[in-house]
Amino acid sequence: MSETPDNLKYTSDHEWLRLEDDGTVSLGVTDHAQQALGDLVFVELPESGSQFTAGDACAVVESVKAASDVYCPLSGRVAAVNERLQDEPELVNASPYDDGWLVRVEPDEPAALEELMGAEAYGQFLAESED
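The sequence shown: position 69 = 171 (this note's numbering), numbered continuously.
Keep in mind the hints are simulated off the structure, nothing from the lab. There are no misleading hints in this set.
Cβ-Cβ distance ranges computed for the label pairs, FRET-style:
| # | residue 1 | residue 2 | range |
| --- | --- | --- | --- |
| 1 | E216 | D141 | 31 to 37 Å |
| 2 | A223 | V166 | 29 to 35 Å |
| 3 | D124 | E230 | 31 to 37 Å |
| 4 | S197 | L121 | 16 to 22 Å |
| 5 | E230 | E149 | 33 to 39 Å |
| 6 | D108 | V162 | 24 to 30 Å |
| 7 | E211 | F144 | 27 to 33 Å |
| 8 | E216 | T155 | 15 to 21 Å |
| 9 | E190 | A159 | 21 to 27 Å |
| 10 | E185 | D158 | 18 to 24 Å |
| 11 | G151 | D201 | 21 to 27 Å |
| 12 | D123 | A168 | 32 to 38 Å |
Each computed DMTMM-like pair below joins lysine to aspartate or glutamate, with the alpha-carbon atoms no more than 20 Å apart:
| # | residue 1 | residue 2 |
| --- | --- | --- |
| 13 | K167 | E146 |
| 14 | K167 | E192 |
| 15 | K167 | E190 |
| 16 | K167 | D141 |
| 17 | K167 | D115 |
Just so it is clear, CB atoms sit at the ideal spot from N, CA and C, and this is done for glycine as well.
Given the sequences, and given the hints that come with them, work out the whole structure.
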């Protein structure tokens, strides 16, 4: 069973988002996604300052099995990228919700975060997806 912390928001593309104290939103892939991908060997991140529209691919995670786009569910500017992942992509596997975050975004519309799934809804989505 995948871990789904209650303090995060989730997407149907298996990304998680967390509102930080400074108003930025951290983005990563869920525990479910990293398990499905397997051992990550490479993470391609955008440049800080890049602008994205909701739904744009903003990163790529590559495992021994496949490469997958990571989509930015919020429009905004990339405030920071997790530089550690360049040398340690396995952090996404080991700690998807903490050390394995991908980018931090300054959202154009912070309220859009509330439109995403909470942990309970994401858990239900996963259960229905397995049927």
